[in-house]
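In case you want the letters, here they are:
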Amino acid sequence: MAPSISTFRRAICTRVNASRFLASPSPFRNFSSSTEDSTPFTVDIAVPFKGHKIEPPPQVVETSAKELMTFFKDMSRMRRMEIASDQLYKSKLIRGFCHLYDGQEAVCIGMEAALTREDNIITAYRDHCTYLGRGGTLPEVFSELMGRKDGCTLGKGGSMHFYKKENGFYGGHGIVGAQIPLGVGLAFAQKYEKMKAATFLLYGDGAANQGQLFEALNMAALWDLPAVYVCENNHYGMGTAEWRAAKCPEYYKRGDYVPGLKVDGMDALAVKQAVRFAKEHALSKGPIMLEMDTYRYHGHSMSDPGSTYRTRDEISGVRQERDPIERIRKLILFKEIATVSDLKNIEKEVKKEVEDAVAKAKESSPPDASELFSNVYVKGYGSQVFGCDRKHSTATLS
Amino acid sequence: MPIVNRLCRLGRQIYGRRTFSTQTAAMKRMNLVSAINNALQIALESNPRSYVFGEDVSFGGVFRCTTGLADKFGKHRVFNTPLCEQGIVGFGIGLAAMGNIAIAEIQFADYIYPAFDQIVNEAAKFRYRSGNQFNCGGLTIRTPYGAVGHGGHYHSQSPEAFFCHVPGIKVVIPRGPSQAKGLLLASIWDPNPVVFFEPKWLYRQAVENVPEDDYILPLSQAEVICTGTDLTVVGWGAQMAILHQACSEGRQAGISCELIDLQTLIPWDKETIEASVKKTGRLLVSHEAPITGGFGAEIAASIAERCFLHLEAPVSRVCGLDTPFPLVFEPYYMPTKNKVLEAIKASVRF
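Note that the protein sequences, when read in sequence, are chains F and C.
Position 59 of the first sequence, counting from 1, maps to 59 under this note's numbering, and the rest follow consecutively.
If you want this note's numbering, it's the 1-based position in the second sequence plus 398.
Calculated directly from the structure, the hints in this document are not laboratory data.
A quick note: this is a predicted structure, and the numbers were derived from the prediction, not measured.
Do not take every clue at face value.
[As the list claims (entries may be wrong)] Now the stretches of chain C that chain F is said to cover, found in silico as 3 or more residues with beta-carbon under 8 Å:
no.	stretch
1	482-491
2	610-624
3	716-729
[Stated by the list, open to error] For lysine to any residue, the following SDA-like pairs were computed, each having C-alpha atoms within a straight-line distance of at most 20 Å:
no.	chain 1	residue 1	chain 2	residue 2
4	C	668	C	737
5	F	92	C	728
6	C	737	F	372
7	F	247	C	454
8	F	149	C	730
Glycine residues also receive a C-beta, built at the ideal position from the N, C-alpha and C atoms.
Next up, chain F with everything else stripped away, as it sits in the complex (with noise of 0.2 Å):
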């Protein structure tokens, strides 16, 4: 029998006001400084953690208003970079290899707001929205990617070798797995200088393959050092899926003899917990192995259109089910923290900032040729290099 008119009347009813209730500020509520607030609240974290020779951290983890209302806007500003990255590429101001790390935004939000600059970040290629998380500016971002001398590695590292020392961000490493070793010494040090401090070292899936990191992790679990492993599992070594590359797909297992906990990439707040607990673990007893779940929407780069060994519906799915930004933007409603209309205008103002860098990026000039002999060895080491004559063309590399 049909639902009667007047129920079926109700039900829209209640539906639009629901809906309305939550787009619109309510009367007693006072909007704009709940934005600000510090006060700490709990949240579910709703993918369980999955721990390895460990108990995991518990299922909830401590936020609050200010603190997502950064996530949204960091990730966003992200989001947008990348998505202006693409656009440079396409119009050939980017050139060489370009690395997109959309979709996997939560990974590094979530892990800097458990860190601090003391502790140290390595990863691959994959660096743009680290960089920014570890306290990179746009206009850098932008000039280094188009190889311009204002840019983070003045020009000269492009896309895959963005550094910044003073924040702790190693960078920037084209050889898959060759950051894994140097991370670990990074730790040693860290432990020898008595620093309360961890060092992270990120990989991809098709990274956890090479010899070097376990010959590393022997090495980090044989001294006690202050290192997490972080397998950003975005599920495709490029095009391999996971399950082709490897025997064992469960990366957090991976490290055997040294404990490993598996994360729902795709949320900021698990990572953020993960990563507390991480430190807290490394710190006092020794290496952790972390896997992100995580997923990136482009393809490996840009010359890869990265539907070619995954479904579009795949893509899209992953889009709407588990995209962090829109999990933090429905947290955001649901807590009545902010309006629909005031995390549309963040977006917008993070646009402008975008737009704006790339512009200023775009005015900035390509380094000066001497720098092409510049920091190969210490500066004022004297030694020579000619031009095909010998005579006129040399140069001094410093």
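Dock chain C against the given chain F, drawing on the hints supplied.
Chain C in isolation, oriented as in the chain F frame:
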């Protein structure tokens, strides 16, 4: 039966392999990618115990050199490996040691260094240290090398010099599609481990008529591309196109250059280069890799030693600069046609 055919058949009987075809072979326009793909197909067809493996080769590879092979020959013969270069080469050595033809792909030559230990310490020395009981001659490592315009530090390197310092392996570099097909097949059938560098810049850019049938080009034999009397110019791979342009412009300026493609770097064809330098009295070597310690240095030293009294000018080298392969500065770094032309003129004027 014509004597040539009889000789060919004799050659086949002795070597068990097809030698250069004397009949007019059907030609097909191919680029470097298709030529290499063709060579791999022929190899897989000829020997049921040959395998092609590497990162992402199954769907065709990042440069499409292995397109269609997995479909045609099966996933047990054309397969992907995980991301582990050391593992790939070590695995290939083992496979070859059991008498198989192992064609390993290293996705970019820049990534070959984790496998360096396996190549230098295992592959190159296996026959020697086992007193010829074992060998991994069936191993061929193919890898794209060289500048591509925007590759930066890790997608543009030319590491051939590191491998030229290792007795026990061969290093082969083709300059175009028809050479690539012949040299790759020769490398695959050669009973020594070979590292085969493919100039990635030419993958799609170089297009020419390539014989469709099975043929090999001899290893350790340099090819004189154009004869000349004033100056010998030696190079390999993608640099040959630059040298060709420089020599043409040199000819317009009245300088007659003899252009030679070395093709095999070790063991290299000393005789051809020597004969040429004895005729011209001048030598210029050019390569993309940095000048210090590059393979040009070996050629220069060797020729200076063997042809000293024939030389009219010092041996000239036009190479990459002694810096890491730069990103935005690539045009400054590269041994461009103008740099080569300057060096040609300077050598002749000496």
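The hints, checked one at a time:
no.	hint	in the structure
1	482-491	holds (count 3)
2	610-624	violated (count 0)
3	716-729	holds (count 9)
4	C:668 to C:737	25 Å, violated
5	F:92 to C:728	16 Å, holds
6	C:737 to F:372	17 Å, holds
7	F:247 to C:454	17 Å, holds
8	F:149 to C:730	17 Å, holds
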